[in-house]
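Let the sequences and hints guide you as you build the complete structure.
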Amino acid sequence: MDFRNTLRLALRALARNKLRSSLTMLGIIIGVGAVIATVSIGQGAQFVIQQGIEAMGTNAVFIGAGSNRPGGTRMGYFGTRTLVLDDMKAILREVPIIRDAAPMVFTRGQVVYQNQNWSTRIEGTSPSYFSIRRLAVQSGGAFSEEEVESAANVCVLGPTVVRILFPNEDPVGKTIRVRDIPFRVIGVLEAKGQSPMGEDQDDKIIAPYTTVQRKIAGITWLHYINASAISRDAAEAAVPQVEALLRDRHRIRPGEDDDFFVRTQSEVADLATATQRTLTLLLGSVAAVSLIVGGIGIMNIMLVSVTERTREIGVRMAVGATESDVRGQFLVEAVTLSMVGGIMGILMGVIASALITNLLAWPTQISVQAIVVAAIVAAGVGIAFGYFPAWKASQLDPIEALRYE
Amino acid sequence: MIRLDHVHKVYDLGEVQVHALRGVSLEIQRREFVAIMGASGSGKSTLMNIVGCLDRPTRGHYYLEGVEVSGLSKIELARIRNRRIGFVFQQFNLLPRTSALENVELPTVYAGIPLEEREERARQALERVGLTDRAHHYPSQLSGGQQQRVAIARALVNRPSILLADEPTGNLDSRTSVEIMDLFQELNDTDGLTIVTVTHEHDIARYAKRTIEFRDGRVRRDAPVVDRLLGREVLPTLPVLDDFAQEEAFEERAGATGQTAPAV
Numbered sequence: 000m001d002f003r004n005t006l007r008l009a010l011r012a013l014a015r016n017k018l019r020s021s022l023t024m025l026g027i028i029i030g031v032g033a034v035i036a037t038v039s040i041g042q043g044a045q046f047v048i049q050q051g052i053e054a055m056g057t058n059a060v061f062i063g064a065g066s067n068r069p070g071g072t073r074m075g076y077f078g079t080r081t082l083v084l085d086d087m088k089a090i091l092r093e094v095p096i097i098r099d100a101a102p103m104v105f106t107r108g109q110v111v112y113q114n115q116n117w118s119t120r121i122e123g124t125s126p127s128y129f130s131i132r133r134l135a136v137q138s139g140g141a142f143s144e145e146e147v148e149s150a151a152n153v154c155v156l157g158p159t160v161v162r163i164l165f166p167n168e169d170p171v172g173k174t175i176r177v178r179d180i181p182f183r184v185i186g187v188l189e190a191k192g193q194s195p196m197g198e199d200q201d202d203k204i205i206a207p208y209t210t211v212q213r214k215i216a217g218i219t220w221l222h223y224i225n226a227s228a229i230s231r232d233a234a235e236a237a238v239p240q241v242e243a244l245l246r247d248r249h250r251i252r253p254g255e256d257d258d259f260f261v262r263t264q265s266e267v268a269d270l271a272t273a274t275q276r277t278l279t280l281l282l283g284s285v286a287a288v289s290l291i292v293g294g295i296g297i298m299n300i301m302l303v304s305v306t307e308r309t310r311e312i313g314v315r316m317a318v319g320a321t322e323s324d325v326r327g328q329f330l331v332e333a334v335t336l337s338m339v340g341g342i343m344g345i346l347m348g349v350i351a352s353a354l355i356t357n358l359l360a361w362p363t364q365i366s367v368q369a370i371v372v373a374a375i376v377a378a379g380v381g382i383a384f385g386y387f388p389a390w391k392a393s394q395l396d397p398i399e400a401l402r403y404e
Numbered sequence: 000m001i002r003l004d005h006v007h008k009v010y011d012l013g014e015v016q017v018h019a020l021r022g023v024s025l026e027i028q029r030r031e032f033v034a035i036m037g038a039s040g041s042g043k044s045t046l047m048n049i050v051g052c053l054d055r056p057t058r059g060h061y062y063l064e065g066v067e068v069s070g071l072s073k074i075e076l077a078r079i080r081n082r083r084i085g086f087v088f089q090q091f092n093l094l095p096r097t098s099a100l101e102n103v104e105l106p107t108v109y110a111g112i113p114l115e116e117r118e119e120r121a122r123q124a125l126e127r128v129g130l131t132d133r134a135h136h137y138p139s140q141l142s143g144g145q146q147q148r149v150a151i152a153r154a155l156v157n158r159p160s161i162l163l164a165d166e167p168t169g170n171l172d173s174r175t176s177v178e179i180m181d182l183f184q185e186l187n188d189t190d191g192l193t194i195v196t197v198t199h200e201h202d203i204a205r206y207a208k209r210t211i212e213f214r215d216g217r218v219r220r221d222a223p224v225v226d227r228l229l230g231r232e233v234l235p236t237l238p239v240l241d242d243f244a245q246e247e248a249f250e251e252r253a254g255a256t257g258q259t260a261p262a263v
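Protein sequences, first through last, are from chains A and B.
Residues 0 to 404 in numbering that gives the first Met the number 0 are what the first sequence lists, from first letter to last.
Residues 0 to 263 in numbering that gives the first Met the number 0 are what the second sequence lists, from first letter to last.
Fair warning: there could be bad hints in the mix.
What the hints assert, rightly or not - Derived pair list, reagent style SDA-like, types lysine to any residue, alpha-carbon separation capped at 20 Å: (1) A:K88 with A:S149; (2) A:K391 with A:E307; (3) A:K88 with A:E144; (4) A:K391 with A:R310; (5) A:K173 with A:K191; (6) B:K73 with A:E399; (7) B:K208 with B:L228; (8) A:K191 with A:Q137; (9) A:K191 with A:T159; (10) B:K73 with A:D324; (11) A:K17 with A:I342; (12) B:K73 with A:R326; (13) A:K17 with A:L302; (14) A:K391 with A:E311; (15) B:K73 with A:T309; (16) A:K191 with A:S149; (17) B:K73 with A:E311; (18) B:K208 with B:Q145; (19) A:K214 with A:Q109; (20) B:K73 with A:E307; (21) A:K391 with B:I74; (22) A:K391 with A:I295; (23) A:K17 with B:P95; (24) A:K214 with A:S143; (25) B:K73 with A:L302; (26) A:K173 with A:E189; (27) A:K214 with A:E122; (28) B:K73 with A:S323; (29) A:K391 with B:K73; (30) B:K73 with A:G327; (31) A:K88 with A:I218; (32) A:K191 with A:R120; (33) B:K73 with A:W390.
Bear in mind the hints are in silico, worked out from the structure with no lab data behind them.
Below, the structure written as structure tokens:
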């Protein structure tokens with residue numbers, strides 16, 4: 000069978016009734032489009048998480064105060080008061096594969112400059128934090144150990160806070176009020192954008208933890224410790240060591256729950272990946288159902304088409320078409336329907352992904368693999384659901400067909 | 000060329016068995032022009048289906064150009080229909096929304112002929128029936144006679160040796176019917192095509208050279224045509240329809256001389 004000619008004839012046959020063809024293709028278009036969009040959202044999220052991990056450093060070890068109930072609801076996190084600075088010093092002393100650590104306390108508060116004010120996150124930490132978390136300061140500088148020691152009223156601002164409090168001037172050197180306490184601005188953080196969880200990472204100020212503990216939050220304990228191991232594997236190995244150390248220091252008996260939790264990046268990544276995978280699977284199933292419905296639609300229309308063209312089939316057989324010729328003709332029409340629908344679905348999926356990124360600010364990454372799979376599946380649907388009508392057409396008796404009204 | 004030897008065709012409809020052909024034996028030679036006549040149910044359509052390789056005899060043998068057809072597979076029969084036989088139907092059976100040229104091309108597609116040659120053959124066939132200037136028209140843009148000519152061109156495109164026509168003039172007006180029969184005669188005389196046509200109209204049968212009459216599944220009469228009509232002689236005597244002045248003039252003259260145009 001001359002393939003290009005058959006294809007041309009099939010496209011012509013479909014073009015004869017554009018409305019019918021378009022409606023038939025709708026199921027495939029939606030199914031394929033949904034698959035492409037879903038996968039690209041998933042890929043995009045994966046990519047951002049990966050980037051987040053890179054940014055944080057793959058060697059990161061995160062020690063937080065509070066309970067770590069399975070299922071991870073946020074109710075117990077940071078709720079206990081037992082994590083202290085001495086714990087951090089002990090870790091640095093006794094877990095040698097932990098290279099560096101910074102304490103962290105946080106709260107929220109109003110920051111004011113002249114007639115602008117803003118409610119923001121206030122973080123208190125040590126200078127090591129900047130190197131552990133790979134945070135850069137774009138102007139001015141971070142605070143020093145001396146300023147930590149003296150609990151100086153100095154702070155580094157995130158770009159979002161700067162945008163609101165200092166729209167027209169350079170904040171470095173100026174004095175702002177943090178919860179009504181004057182602080183001198185000594186630096187501005189480099190922009191980091193949104194976190195994978197959707198938080199604005201630039202909306203915060205960072206000050207010495209001593210200052211925040213004593214003058215703002217009024218606490219003596221820590222909320223968490225950001226540590227960094229010497230390597231990624233070391234980070235994994237450090238977890239049981241840190242846990243043992245802290246259980247000992249906090250006098251937790253065997254069988255009792257920890258009053259802290261220790262996490263590494265891989266756990267974060269795994270959790271996010273698992274969530275992503277579930278979501279993708281769910282949406283993928285919906286898309287699959289849509290494809291099946293689309294396939295049934297194709298089969299339905301092809302059956303109608305065969306009945307409508309009974310006479311035509313009779314004529315073709317009379318002038319020499321074999322069963323295989325007739326079957327092939329209708330199969331090509333069905334596959335053309337599904338492939339054209341598939342291509343349009345891919346285009347819609349790509350456009351939808353772009354729109355989602357632009358309007359919802361969710362990251363998306365088009366997956367070439369998904370496009371190829373979608374194209375193959377579309378063809379498969381055409382073949383699978385087009386076969387029965389094509390077979391029916393080929394089994395017509397030419398004499399009966401020619402007599403058909 | 001066509002030989003039927005005690006051919007029977009029985010249709011099994013469950014409770015009833017219809018004996019459409021009861022032991023038909025006949026021969027048709029090359030270059031013959033045969034008209035098959037008979038009432039409905041006489042078996043003439045069944046005969047055409049068997050001769051045209053659309054159906055197989057229940058008993059008996061059918062030899063086409065020396066080859067026993069009854070034992071061939073469906074694919075081989077399709078090939079014969081494609082290469083050796085040309086069909087013309089009462090209802091033209093052209094593909095709608097397809098140009099005349101592409102309609103004529105259809106059998107060449109199934110013959111596996113490459114594109115350029117297909118178009119060339121189709122053009123030649125259209126020229127043969129005098130419709131070169133209508134090659135790109137759609138059937139809806141053609142008159143009944145023109146559509147039937149396209150159908151004839153389609154039947155000829157693979158250069159078959161036999162043309163089978165089933166009531167080819169059934170849907171045409173009187174003048175056009177004669178034009179078609181005239182074309183058939185030309186194809187038979189000049190191109191040597193063997194033509195077998197089914198008709199129920201005696202006047203149409205007179206354009207053939209031989210008539211075979213069927214009744215109740217059997218051949219009742221098989222004789223050469225005695226008062227044969229020739230298209231090229233009849234056509235000038237017919238009024239061209241839609242030209243009322245001419246028609247009136249013809250009728251007056253016909254009434255005056257007592258001569259009537261053959262009632263078709």
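ask   = Is the straight-line distance between the alpha-carbon of K17 of chain A and that of P95 of chain B 20 Å or less?
value = OK: K17 of chain A and P95 of chain B at ~16 Å, within 20 Å.
(request) For the pair supplied as a hint, K391 of chain A and K73 of chain B, confirm whether the alpha-carbon distance does not exceed 20 Å. (result) 16 Å, holds
>> For K391 of chain A and E311 of chain A, compute the direct alpha-carbon distance and say whether it is at most 20 Å.
In response: 14 Å, holds
### Message
Does E307 of chain A sit within 20 Å of K73 of chain B, going by the straight-line distance between their CA atoms?
### Response
With Cα atoms ~24 Å apart, K73 of chain B and E307 of chain A exceed 20 Å; violated.
query = Does the structure keep K73 of chain B and E311 of chain A at a Cα separation of 20 Å or less?
reply = Roughly 19 Å between the alpha carbons, so the hint for K73 of chain B and E311 of chain A holds.
For the pair supplied as a hint, K214 of chain A and Q109 of chain A, confirm whether the alpha-carbon distance does not exceed 20 Å.
14 Å, holds
query = Holds or violated: are the alpha carbons of K391 of chain A and I295 of chain A at most 20 Å from each other?
reply = 16 Å, holds
Taken at face value, is the distance from the CA of T159 of chain A to the CA of K191 of chain A at most 20 Å?
10 Å, holds
Under the criterion that the straight-line Cα-Cα distance not exceed 20 Å, is the pair K191 of chain A, S149 of chain A satisfied? Violated, at about 29 Å.
Q) Keeping to a limit of 20 Å between CA atoms, is the pair of K73 of chain B and G327 of chain A held or broken? A) 16 Å, holds
Is K73 of chain B within 20 Å of L302 of chain A, Cα to Cα? 24 Å, violated
*Agreement of K88 of chain A and I218 of chain A with the hint, judged by alpha carbon distance not exceeding 20 Å*: Roughly 18 Å separates the two Cα atoms, so the pair holds.
In summary, the numbered hints that this structure violates are 5, 16, 18, 20 and 25.
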